[in-house]
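Note that the protein sequences, when read in sequence, are chains A and B.
Just so we're on the same page, my numbering is the position in the first sequence counted from 1, plus 4.
Just so we're on the same page, my numbering is the position in the second sequence counted from 1, plus 9.
Keep in mind the hints are simulated off the structure, nothing from the lab.
No experiment lies behind these values; they were computed from the predicted model shown.
Among the hints, erroneous ones may be present.
Stated by the list, open to error - Ranges of calculated distance between the beta carbons of each label pair, as one might list FRET restraints: (1) A/Lys221 with B/Arg118: 47 to 53 Å; (2) B/Met69 with A/Gln91: 44 to 50 Å; (3) A/Gln91 with B/Asn13: 33 to 39 Å; (4) B/Pro26 with A/Gly9: 33 to 39 Å.
To be verified - Now the stretches of chain A that chain B is said to cover, found in silico as 3 or more residues with beta-carbon under 8 Å: (5) 157-163; (6) 196-203; (7) 206-216; (8) 245-253.
Beta carbons: idealized from backbone N, C-alpha and C, even for Gly.
For reference, the chains in residue letters:
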Amino acid sequence: MKKIGKTFKIGGDVVIRDVYTIAGPKEAEGPLKDKFDMVIDDDLWGEDSWEKCELKLQKTAAENLKNRNNLLNSNIDLLISGDLLNQITSSTYAARDLELPYIGVYGACSTMTLTMGLGAMIIDGGFAENVICVTSSHFCSAERQFRLPLEMGGQRHASAQWTVTGSAAVWLSNSGQGPKIKHVTFGKIVDLGVKDANNMGAAMAPAAYSSLNQHLKDTAIDYDLIVTGDLGTVGKAIVNKMFNEDNNSIESKYDDCGTIIYDIEKQDVHAGGSGCGCSATVFGSFLYKKLLNNEIKNLLFTATGALHSTTASLQGESIPGIAHCLGIEM
Amino acid sequence: MKYNKDNYQKLVDEFTPKNKMLRNCIMAFIIGGAICVVGEIINDSFVAWLGISDDEASPMTSVVLVGLSALLTGLGWYDKLGKIGGAGTVVPITGFANSVVSPALEHKREGFILGTAANIFKLAGPVLVFGYLASFIAGLLSMAFK
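Could you put together the complete structure from these sequences and hints?
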């Protein structure tokens, strides 16, 4: 059994060979501005709809990742991708042009670690040598699907988060040099009854706590850095409080991508960033490079997702949260 | 985990920032009031300069305000005003126009009939439904007590 508790142990080599990131204009004004591989100037990027722009983000990220590494489709066994839109529109339509065997997954904002976790297990199981994992989100397409029209005048709640426009493509391989995925913990859905779609961080925080706790208990690894996907300021504070109450503080080495990607004071993003692209672009542009540069030896990367649907929310359902952990070591 | 559905909301409330109510109220008063002042100026101008009667000037003012709001929505300025003014930009008739034009713009890429036309009252629909309902009830009451 390659399993300890609820955590899958990756016995062989699953190397994160390269990550290609593309970010939107607002993200490019944030603290990570010089770190993205590519930045787009406007929300449409020459397309005639936001949805088409988002699929172009995914397609371009995957193609540029391939080109940078001289990867040919004949070398790639599998494409695993997902996004926020209904029927995972961006992923499917990007996959149509990428012409690779394709698994589409929905994990809301937890998609980056969900796809990478699945890819790692498939490689470790000997079914593939090279897998590409892609995800994306787009502020305008997400707002439109989950909230209100963009031009509608109104105020955002102080706890609301800002969906990141961006995409990342990750190349996982069974050979080569780079940070390796060593452990994968897929989270269970945790729902403590939060119904406020303007407070996603609070809705997802219990799931993040649950998965992190499970992973740390199973592996007993002392990570240099623990990073969650998009809990924002509210969710991050709740996770810290939960661990503190267990007398197991992680505060000194814990951060959240939603608070890393934007300058929260200056950029008027309220509680921080969110969306699949949030954890994906922060991982690719910032965390992955910390590992490569040996600034940290290991990283517990945990993307978090709110798996609600607008229909279920209107029918009075609360927001089911999820978090998937990847233990990555250099 | 010591938290469950009964006690978690208390923890959430502890960390959830509050909206700035007082500031929002003051800004709503100023921006909403300013929109009404603009309406008054238009109304009085119709009466004073164009010699239009008070009764006719009022609906004409509404038409102008709706047109202005639609224009500002199209230019992407009304949502910026709404961000500052909050309810002050929602309550006046300009807010209603904004709630009609914004989904119309957003859905134009799905075609004129199934996109724009089908979604144009997505936000304003409930306002219309309850407006009609209220006028129906008022009509019944006025018939009963005539």
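Can you list which hints this structure breaks, lowest number first? none
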